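Q: The primary structure of each chain is shown beneath.
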Amino acid sequence: MSTDHYSIFSVLREALRGHTGWKPAWRDAAPKAAYDVVIVGGGGHGLAAAHYLAKEFGITNVAVVEKGWIGGGNVGRNTTIIRSNYLLPGNIPFYEHSMKLWEGLEQDLNYNAMISQRSVINLFHSDGQRDAYARRGNAMRLHGVDSDLMDVAELKRILPMLDYDNARFPVKGALRQKRGGTVRHDAVAWGYARSADGRGVDIIQNCEVTGFRIEGGRIQGLETSRGFIGAKKVALACAGNSSRVAAMAGMRLPIESHVLQAFVTEGIKPFIDTVCTFGAGHFYISQSDKGGLVFGGDIDGYNSYAQRGNLPTVEDVCEGGMALMPAIGRVRLLRSWGGIMDMSMDGSPIIDRTPVEGLYLNAGWCYGGFKAVPAAGHCLAHLIARDEPHPVAAAYRLDRFATGRTIDEKGMGAQPNLH
Amino acid sequence: MRIACPFCGPRGVDEFAYLGDATVKRPNADAPDALPAFVEYVYLRDNPAGLHRELWQHALGCQSWLVVTRNVRTHVIDQVEAARDVAAARLSEAE
Chain A
374 MSTDHYSIFS
384 VLREALRGHT
394 GWKPAWRDAA
404 PKAAYDVVIV
414 GGGGHGLAAA
424 HYLAKEFGIT
434 NVAVVEKGWI
444 GGGNVGRNTT
454 IIRSNYLLPG
464 NIPFYEHSMK
474 LWEGLEQDLN
484 YNAMISQRSV
494 INLFHSDGQR
504 DAYARRGNAM
514 RLHGVDSDLM
524 DVAELKRILP
534 MLDYDNARFP
544 VKGALRQKRG
554 GTVRHDAVAW
564 GYARSADGRG
574 VDIIQNCEVT
584 GFRIEGGRIQ
594 GLETSRGFIG
604 AKKVALACAG
614 NSSRVAAMAG
624 MRLPIESHVL
634 QAFVTEGIKP
644 FIDTVCTFGA
654 GHFYISQSDK
664 GGLVFGGDID
674 GYNSYAQRGN
684 LPTVEDVCEG
694 GMALMPAIGR
704 VRLLRSWGGI
714 MDMSMDGSPI
724 IDRTPVEGLY
734 LNAGWCYGGF
744 KAVPAAGHCL
754 AHLIARDEPH
764 PVAAAYRLDR
774 FATGRTIDEK
784 GMGAQPNLH
Chain B
10 MRIACPFCGP
20 RGVDEFAYLG
30 DATVKRPNAD
40 APDALPAFVE
50 YVYLRDNPAG
60 LHRELWQHAL
70 GCQSWLVVTR
80 NVRTHVIDQV
90 EAARDVAAAR
100 LSEAE
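Going line by line, the protein sequences match chains A and B.
First residue of the first sequence? That's 374 in my numbering, and the numbers climb one at a time after it.
First residue of the second sequence? That's 10 in my numbering, and the numbers climb one at a time after it.
Chain A with its partners taken away, still in its complex shape (with noise of 0.2 Å):
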């Protein structure tokens, strides 16, 4: 049996000879002159759409290109939460084909993603918001999405830590989505990786474009730091950079690209077994596998590159994080980070063909990357491959801007920084 599957007999196996056996999961990879497929940005979703490309398309020879290292960027700088309780028709099928992916990745890829489904808990503090929030339950239900309305007796035996009676914001319930949760996200990145990589796909690292080669209206490869590489097709999946590297083809995209902070705590035993969201504040949190607690809020509100934000949001943060649960109040802040999340119009994303023939874009995720890894990568991987969209992310248009047909999930109109 080889080490290249993963199974509890290659863990034996190894271990009898002290893990000398293991090999890299993928190669490092060096260009090729030319390609089928390039995908510009070894994320999540360019290495999802990887592994689809070879594994569901057919399609093997594919290179990802990164300018750093792969996982480096957000999919190694999220909160880890999976979830599909969306409202909107353009959106709740997209994100619960991204849910069932979830659901089998592990299989799917043999690797160990610790995908953990221990709910999503969306709190709610008066009448009105008890009666969105029962609208968008509803919604899910009508498209076979699980989701269920909470009372506050049934909240305190799973969060009993929550200050219930809070004078401002008392806790009146909750929408819970109990296949919602939690998932290892740089395993994500290293699965697909390695699941692309075993079917031929080139990762190369250290690799970053400079320029598109366009000619008559089509893609025909592009200019990077090692050297100029043939394409019939290329896809970007640049998140943060998409407005970047959109730019060198040419293209002003509907993006701005934002801040978003992220926190975890020192190490503690088991205290919160849930996702939960205050739904007053900017505040969410749950609990890793080594006892942190990873909480987050909501982006710094202006254009930035930077990759850190700035302390007033901090202090919002975790103002919202003492409203809700006072008992973390004497846990030392480990570590803060920031991520650049591609803010679009409207708050919802583009998989979609673009101006210049054979080139496809993945872009405009906002704060939501994350859980669409799976379905974004699969979208965009049916999009390169058969030239028309997916059924469950056709409503994810580069023109709906032009045409009127945005998706306003949040209601939050035209303005990124709202989002």
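If you're looking for bench data, these hints aren't it; they were derived computationally from the structure.
All figures in this text were calculated on a predicted structure; none of them were measured in a lab.
The C-beta atom is built at its ideal place from N, Cα and C for all residues, glycine as well.
Stretches of chain B that chain A covers, calculated by requiring three or more beta carbons in the stretch to come under 8 Å of a beta carbon on chain A:
| id | segment |
| --- | --- |
| 1 | 21–33 |
| 2 | 45–56 |
| 3 | 81–95 |
Pulled from the structure, derived: some chain A residues nowhere near chain B, Cβ distances all over 12 Å:
| id | residue |
| --- | --- |
| 4 | Glu387 |
| 5 | His392 |
| 6 | Trp442 |
| 7 | Met534 |
| 8 | Pro543 |
| 9 | Arg586 |
To give an idea of the chain A side of the interface with chain B (calculated C-beta under 7 Å), a few residues:
| id | residue |
| --- | --- |
| 10 | Arg617 |
| 11 | Pro627 |
| 12 | Glu629 |
| 13 | Tyr675 |
| 14 | Asn676 |
| 15 | Ala775 |
| 16 | Asn790 |
Model the placement of chain B on the given structure of chain A, informed by the hints.
A: Only chain B this time, still in chain A's reference frame:
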């Protein structure tokens, strides 16, 4: 991040509200190409990774609208101008 309001002096960023790119110009609604021009104006942005001219309002201070030139890679602010001065300069340029 602190913004030096020309009227109030340097203040913490939490006193300010953000509106975004200050270089976009509202198109003429009567022009024949008004529709695509408005799509660009409302939705499309350069989103540069470097110096960015952007609108902030000193919402918890003097309420003035400001044009801030800021490096979005480092958050270092180069210049803060009153938005009305910028608009007046733009008008006199157009004349």
